[in-house]
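On the provided structure of chain R, position chain G as indicated by the hints.
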Amino acid sequence: MTGSTTLTGSGSTPRAGVGTARWYRPGTDLTLPDRPDPSTVDPATERERFETARGEAREGIRRARERAEARVGDEEAAVFDAHEAFLDDPGIVDDVEAAVADGAPAEHAVHDRFESAIEGFEGMDGRMAERADDLRDVRDRLLRALLDAPASTDLSTLPAGTVLLAERLTPSDTAELDPAAVAGIATVAGGRTSHAAIIARSLSIPAVVGVGDALAEVPDGTVVLVDGETGEVVVDPDDRRRATALRGDDVPVVPEPVSTADGRAIEVAANVGSEPEVSPASDRGADGIGLFRTEFLFLDRESPPDEAEQYGAVVAALEAFPDARVVVRTLDVGGDKRVPYLDLPEEANPFLGRRGIRLSLGDHADLFETQLRALLRAAAHGSDGDGAGDGDGAGDGDRGDLAVMFPMVSRVEEVEAALDRVESVADDLTAEGIPHAVPELGAMVETPAASYLADVLASRLDFLSVGTNDLAGYVMAADRENDAVADYHDPLHPAVLRAIDRTTAGAEGTDAWVGMCGEMAGDPDLTELLVGLGLDELSMSAVTVPAVKERVREVDSAEARELAEAVLARETRANVRDTLGLDG
Amino acid sequence: MERIVEVVPAAGLHARPASKLVKTVNRFDADVSVGRADDGEEGAVRADSMLAVTGLNVRHGESVRVVADGPDAETALDAIEDLLTSPVEGEGEGEHIADDAGDDPT
Numbered sequence: 000m001t002g003s004t005t006l007t008g009s010g011s012t013p014r015a016g017v018g019t020a021r022w023y024r025p026g027t028d029l030t031l032p033d034r035p036d037p038s039t040v041d042p043a044t045e046r047e048r049f050e051t052a053r054g055e056a057r058e059g060i061r062r063a064r065e066r067a068e069a070r071v072g073d074e075e076a077a078v079f080d081a082h083e084a085f086l087d088d089p090g091i092v093d094d095v096e097a098a099v100a101d102g103a104p105a106e107h108a109v110h111d112r113f114e115s116a117i118e119g120f121e122g123m124d125g126r127m128a129e130r131a132d133d134l135r136d137v138r139d140r141l142l143r144a145l146l147d148a149p150a151s152t153d154l155s156t157l158p159a160g161t162v163l164l165a166e167r168l169t170p171s172d173t174a175e176l177d178p179a180a181v182a183g184i185a186t187v188a189g190g191r192t193s194h195a196a197i198i199a200r201s202l203s204i205p206a207v208v209g210v211g212d213a214l215a216e217v218p219d220g221t222v223v224l225v226d227g228e229t230g231e232v233v234v235d236p237d238d239r240r241r242a243t244a245l246r247g248d249d250v251p252v253v254p255e256p257v258s259t260a261d262g263r264a265i266e267v268a269a270n271v272g273s274e275p276e277v278s279p280a281s282d283r284g285a286d287g288i289g290l291f292r293t294e295f296l297f298l299d300r301e302s303p304p305d306e307a308e309q310y311g312a313v314v315a316a317l318e319a320f321p322d323a324r325v326v327v328r329t330l331d332v333g334g335d336k337r338v339p340y341l342d343l344p345e346e347a348n349p350f351l352g353r354r355g356i357r358l359s360l361g362d363h364a365d366l367f368e369t370q371l372r373a374l375l376r377a378a379a380h381g382s383d384g385d386g387a388g389d390g391d392g393a394g395d396g397d398r399g400d401l402a403v404m405f406p407m408v409s410r411v412e413e414v415e416a417a418l419d420r421v422e423s424v425a426d427d428l429t430a431e432g433i434p435h436a437v438p439e440l441g442a443m444v445e446t447p448a449a450s451y452l453a454d455v456l457a458s459r460l461d462f463l464s465v466g467t468n469d470l471a472g473y474v475m476a477a478d479r480e481n482d483a484v485a486d487y488h489d490p491l492h493p494a495v496l497r498a499i500d501r502t503t504a505g506a507e508g509t510d511a512w513v514g515m516c517g518e519m520a521g522d523p524d525l526t527e528l529l530v531g532l533g534l535d536e537l538s539m540s541a542v543t544v545p546a547v548k549e550r551v552r553e554v555d556s557a558e559a560r561e562l563a564e565a566v567l568a569r570e571t572r573a574n575v576r577d578t579l580g581l582d583g
Numbered sequence: 000m001e002r003i004v005e006v007v008p009a010a011g012l013h014a015r016p017a018s019k020l021v022k023t024v025n026r027f028d029a030d031v032s033v034g035r036a037d038d039g040e041e042g043a044v045r046a047d048s049m050l051a052v053t054g055l056n057v058r059h060g061e062s063v064r065v066v067a068d069g070p071d072a073e074t075a076l077d078a079i080e081d082l083l084t085s086p087v088e089g090e091g092e093g094e095h096i097a098d099d100a101g102d103d104p105t
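For the protein sequence lines, the chains are R and G, in the order given. Its first residue numbered 0, the first sequence is counted upward by one per residue in numbering that gives the first Met the number 0. Its first residue numbered 0, the second sequence is counted upward by one per residue in numbering that gives the first Met the number 0.
Simulated from the structure, these hints should not be mistaken for laboratory data. The C-beta atom is built at its ideal place from N, Cα and C for all residues, glycine as well. Just to be clear, a hint being listed does not mean it is correct.
Unchecked claim - If you want a taste of the chain R side facing chain G, the calculated C-beta under 8 angstroms gives, among others:
#1 77
#2 80
#3 81
#4 84
#5 115
#6 116
#7 119
#8 301
Said to hold, decoys possible - EDC-like, lysine to aspartate or glutamate: derived pairs with alpha carbons at most 20 angstroms apart:
#9 19/G with 87/R
#10 22/G with 65/R
#11 22/G with 58/R
#12 19/G with 5/G
Bound-form chain R, shown alone (with noise of 0.2 angstroms):
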């Protein structure tokens, strides 16, 4: 093909970059051939290629263990041995051997044999199910070597330069890929609040998801550009394509916090889930970490990080910014944001079921509650030194540079549960002679109730936060995985605009500073608006930071305010953006 083919998706992460085509495709299927007449099948060498195929198998387990090893720890490569262990089950392995040599060919006895042991643990609990998910990983890689298909991609190790493209990425494809390797996404289906597409900008790599099935087309090994600015994947892309996708990498990076033109302070803060995340944003000039998400210390492992895990993990992101403040969130699990070992209640509707505080203060109090005490062991951590800084929350005492929020958020009461299990675990460390120091304590606005309270929670909290990606899904009723219904996402709907507004306005007159930790945060082309609207902080990918600081920098918040006021009067997105300025 000559001269380059430009395809449209949605711009997720804001960078651009190029590289080397490479499909993942880790659906692809294992489709058995037709069940051949068993009197035409010689049994000596099905049992043969059944063998060989075992062989392959175990080498495929054991390389992956020992990544696993490398790459998070032993006890959770623990479960490549349970996979040799099935492997080598002389149930599974009798089985296929009499199927055999009754005359079935080695991939039909693999996949029945399997298909039978799957549906016995299928149905049952937590631990159970997950060992059917460890059978089918089993059979997939013994009918990958039977039908001679091609091995599932090793997202971990692909070669740099890789632009990754894929029908979809979950968010633990994601989280597995190596930044310093993948030089872009570019997605068939998904959106751009989808928890991969912002996986993927939380490690700054460019993403464009959306692009339809216009993609598929495009062949493994050819050049790619993935525009995350524009949303456009150009295949073969030109010179000059080139260099003006990667110029507009390079935002001067603004170290130092930065105030409107007028003179007030505005935080722009990074929000980070997961370690290798940290050192990145401290790179971008984010002046700290609006929101610490806790989940990865929980996600792909068989069981739950202990409080010295945790402190170590919070110890550590307060010394990457010595001189400001991290926000941490408590647990927030259930919804789409499941923890096998947890066992989650199975619920028809998780987003309006049991998740973040809601479960914090029931099933899992003893999470909690370990979860508490590491925090206030780290908040003591920071305070004897260079904590005193960013002291701006209600009265500060023995603070630190930590603050901790709680998630999902809808009634007064949850608040109070909460300030008392961390009383009662600043009382347990105090009968301990254990250090501690009770950080900053906030809650999120993600419901239309805790907007509805703004006032009260404020009274209550030193912060509210508000995150925009779940507020906006629960004000507009629309499930945010579900692309039928993306158009209710953006946030610039008035009723998502007037439930941040009423936030703001509840915490006025009150200490409470007001935060925003949402998508939408990032988003240059709405600092004015947001300022205007009386956020005190915004936390975003670290990939945006130094635009929106610059931003921050041309506003007059006076300006500011006369925007925000017109935006809220309008009765339509269309309109709202228009006011904007902004296209459709």
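Here is chain G on its own, set in the frame of chain R:
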């Protein structure tokens, strides 16, 4: 010969403890079966099968009856008892499984 043993590892007879049990059984010249202590003979399954062992869904704190037959029966039982009564290394916070109410956060 047989022995009743309480399963100490937090994961119960799953994941690492289960694969270790299977590995241990395979080291000895003995036919070994395992089942819930309360379930009697019918509940016993072959202990060299990962599928069968994990299928029991034995949790931490439950007792199992281990039956061994063969020249190495005695030493096999010793090794198995040793394995099932030691908490798995690196799993110090042991009781964090959701349906275990008593959790020790320290």
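Structure versus earlier hints - violations, ascending order: 5
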